[in-house]
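Student: Going down the list, the sequences are from chains V and E.
Each residue of the first sequence is one higher than the one before, counting from 0 in numbering that gives the first Met the number 0.
Each residue of the second sequence is one higher than the one before, counting from 0 in numbering that gives the first Met the number 0.
Calculated from the structure, these hints are not laboratory results.
Positions of the beta carbon are idealized from the N, C-alpha and C atoms, including for glycine.
Heads up, some of the hints might be wrong.
Now the in silico label distances, taken between C-beta atoms and shown as ranges [said to hold, decoys possible]:
{"hint": "1", "chain 1": "E", "residue 1": "A70", "chain 2": "V", "residue 2": "T78", "range": "39 to 47 angstroms"}
{"hint": "2", "chain 1": "V", "residue 1": "D163", "chain 2": "E", "residue 2": "Y108", "range": "46 to 54 angstroms"}
{"hint": "3", "chain 1": "E", "residue 1": "G12", "chain 2": "V", "residue 2": "R46", "range": "44 to 52 angstroms"}
Derived coverage of chain E by chain V (criterion: at least 3 residues anywhere in the stretch with Cβ under 8 angstroms from a Cβ of chain V; other residues may be distant) [said to hold, decoys possible]:
{"hint": "4", "stretch": "0-7"}
{"hint": "5", "stretch": "41-49"}
{"hint": "6", "stretch": "65-72"}
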Amino acid sequence: MITANENISWVTAHADAAHSGANIAWLNRQRKSALAQFEAVGLPGVRDEDWRYTNLRALKSNDYTLSAVSSLNIELADTTNPRLVFVDGHLDVAASTGLSDSVTSLKDSLEIVEGHFSSTLPKKPHGFTALNTAYAHDGYVVHLKSGQRLEGVLEVVFVSQSADAVSHTRNLIIADANTQCTIVERHIGAHGTVYLNNVITEIVAGDNAHIDHYKIQQESNDAFHMGGVFINQAKGSQVKSHNIALSGLVTRNDIYSNLLGQGAHVEMNGLVIGHGRQHIDNHTEVNHAVPNCTSDEYYKTVLDDHSRSVFRGRIIVAKDAQLTNADQRNNNLLLSKNAEADCKPQLEIYADDVKCSHGATVGQLDPVSLFYLKSRGIDAESATALLTFAFANEVIERIKVDSVRQELTQILAGELLSGLEELV
Amino acid sequence: MLKVTNLHVSIDGKSILNGINLEVKPGEVHAIMGPNGSGKSTLTNVIAGRDGYEVTQGSIEYLGKDLLELAAEERACEGIFLAFQYPVEIPGVSNMAMLKAAMNSMRKYRGQEEIKAGDFLKLIRQKADLVEMKHEFLKRAVNQGFSGGEKKRNEILQMAMLEPKLALLDETDSGLDIDALKTVSHGVNALRSPERSMVLVTHYQRLLDYIVPDYVHVLANGKII
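For reference, chain V alone in the conformation it holds in the complex (with noise of 0.2 angstroms):
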C-alpha cells in the first residue's frame, strides 16, 4: 500500500490491483523498488526545477482508476502496414495485425526483457517514471535478434477510450547488433475524455543498430500524456526519434539517449504544435558518455493562442567524451500573444576536443517572408498559414520514411493550412 500523502492520495486505489507477472521476483524487486521511489518523490510540482513551467494541478485535481481491459470502440483508418492495437493500454489481439516472434506484448515478453527493462532509465527518475515502472501492465517489445531487419513499418497504435482512466505502458525495443527497424507509435483518444496516459518507451541499441522511431500524440484535447523515450546506445548504432505533439491537454515528454559506445549517433527531431491552453513540455537530453559520438537536435514550436511550450535540452559532455560532435537547434514561433514559449539549453562539456553548437528563438514569422508572400496577391491569412506550415513542415521534412512523412505533411497540412491543403 502507498503510504497516506495528500500528494499521492489519488493513486491508492491502484495499489492493491492485479499485475501482469506478478510471481516474477526480478520485477517484483523493480516494481517495490520504483514504489519507494515515488513514495520518496511523489508527484513533481512547480517547485521542482524540471517541472517549474509545468503546472499539474488540472492533472492532481482529478482521480483515476487503473485502466481496464475494454475493447475497441472506434474505427481505425486502413494501413497496409503491421499494426498493434492498445486499448486503455492492453494489447487488444483481434484487432492487431503483426505479432510474431520478434513483435509480442510486454506480458508475454518477460523473459526476453529481463535485464533490459528499466536499464535505460534516468538515475533519478520523476513520480510519472516510478510510477511507470511499478504499475507497467501492458506495452509492445520488439526483440530483433543480431542481424535481424524488421521490413517496413511497424505501426502501434495507443488508443485512448475510457474516461477517467490511468495506463502506465511500458514498451522495449530491444535491437541487437545490426539490426534495423522503423516503428510509428500513435497516440489517439477521443476529444473530451479525461484521462492519463503514462508511457514509456525503452530503446536498447546494439552494435550498429538503426532504429527509427516516431511518436505522434494526437490524444484527446482533455487529456494527460506524461511520455518517456530512454535510449541506450552501443557503438556504431544510429537512432532517430521524432517526436511530434499536436493535442493533449498536458503533455510532458522526456527524450533522453545515452551514447554508450563509439561512432553512436542519435538525431532528435520534434515538432510541437499548440492551440486552446495546450502545454506542452519537452525535456530532452543526450549523454555524450564516450569519444567520436554525434548528436543533432531539432525541435520546433508553433503555438496559438494560450498555449504554452517548455524546451529543456540538456547536452552532456564527459571527460573522456573526446571529438564529440553535438548540434541543438530550438525553434519558437508564437502566433498568438498570449502564447508562451519557454526554452532552456544546457550544456555541461567536460570535455575539451569537442564541436558543440546550440540555438534557441522565439520569435513572429518573418515580416520581409510575409511581404513577399503578399506582395504575390496571397491574401494576410494565407500568407500567414503557408509561412508557418513552411516553418513546421522543415521538421517533418527530416523524415527519410517516405510514407511516414507524407502521412505527417498531410496532418500538417491540414492543422495548419485550412483550406490551402491541396498545395502540398
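Could you slot chain E onto chain V? The hints should help.
Tutor: Only chain E this time, still in chain V's reference frame:
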C-alpha cells in the same frame, strides 16, 4: 496608369523620398537610376505596399484608385508586381504551391474560378521555358538554395505567371553574370506589351542595353532630377 505626385516618404522619422513626381502610361518602360541609398528601392517598395514606410506627403494614383488605401495583397491583385532585389527564401513551400496560391488568390479577388490543375501545369512549364528554368526547380522550395541568378529568373517566372499590369523591377540585374542577364532581359522583353507598364530600378547602365526603356530618370537625394 501610375501617377506619383509630390511623394514624401520617411522610415523611422528619417526622410528618404522628398517629393517624387512620376507618371507612367500603359505600355511604357521607365528606368530609374541613381546611386545606392538614393531611395530607388524605397519608391518601388512603397508602390508595392511594404510596411514600415511612412508617407508624409503626396499621393500615388493607380488606375484611378488611391493606391495608398490598398493593402499589399490588394495591390498585387490589382495588377502590381514587384520583382525583389533580394528574393526571399521560403523553405517548405514549393515554387508551384506558392504560384498556385497566388494565382488562385488573384482569381478569387477578381471573381474568377480557380485555375484547373492541368492548365496550371501547362502554363507554368511554358513560362519556365521562357526564362530557361529547369522544370525540377518548380518543385523546389521557393528560392531555397537557388543561386543569385536562379532567384532573379524565378522572379521573372512569377511575373510571367501573374501577368501584372505594372511591373516594378528592383535591381533585377544585380548579381547576374552576362548570360543570366541576357536570359532575364529576354524574359522581361517578352513580357513587354502595349498594356503592360514597367518601372526598372538599377544603378548600372548595362541593364538598359538589354531592356531599352522609353524614359530614364535619375534619382538622387530622394528626388528625381
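Student: Next step is simple, just say for each hint if it's right about the structure.
Tutor: Structure-based check of each hint:
Against the hinted window of 39 to 47 angstroms, the Cβ-Cβ separation of A70 (chain E) and T78 (chain V) comes to about 45 angstroms, which satisfies the hint. About 51 angstroms separates the C-beta atoms of D163 (chain V) and Y108 (chain E), a value consistent with the hinted range of 46 to 54 angstroms. The hinted range of 44 to 52 angstroms is satisfied by G12 (chain E) and R46 (chain V), whose Cβ atoms lie roughly 49 angstroms apart. A count of 0 residues in the stretch 0-7 of chain E with a Cβ less than 8 angstroms from any Cβ of chain V is obtained; the coverage claim is therefore unmet, three being the minimum.
Counting residues of the stretch 41-49 of chain E whose CB lies closer than 8 angstroms to any CB of chain V gives 3, so the stated coverage by that chain holds, three being the minimum. With a cut-off of 8 angstroms between beta carbons, the stretch 65-72 of chain E has 3 residues touching chain V; three or more are needed, and the interface restraint holds.
Violated hints amount to a single one, hint 4; each of the other numbered hints is respected by the structure.
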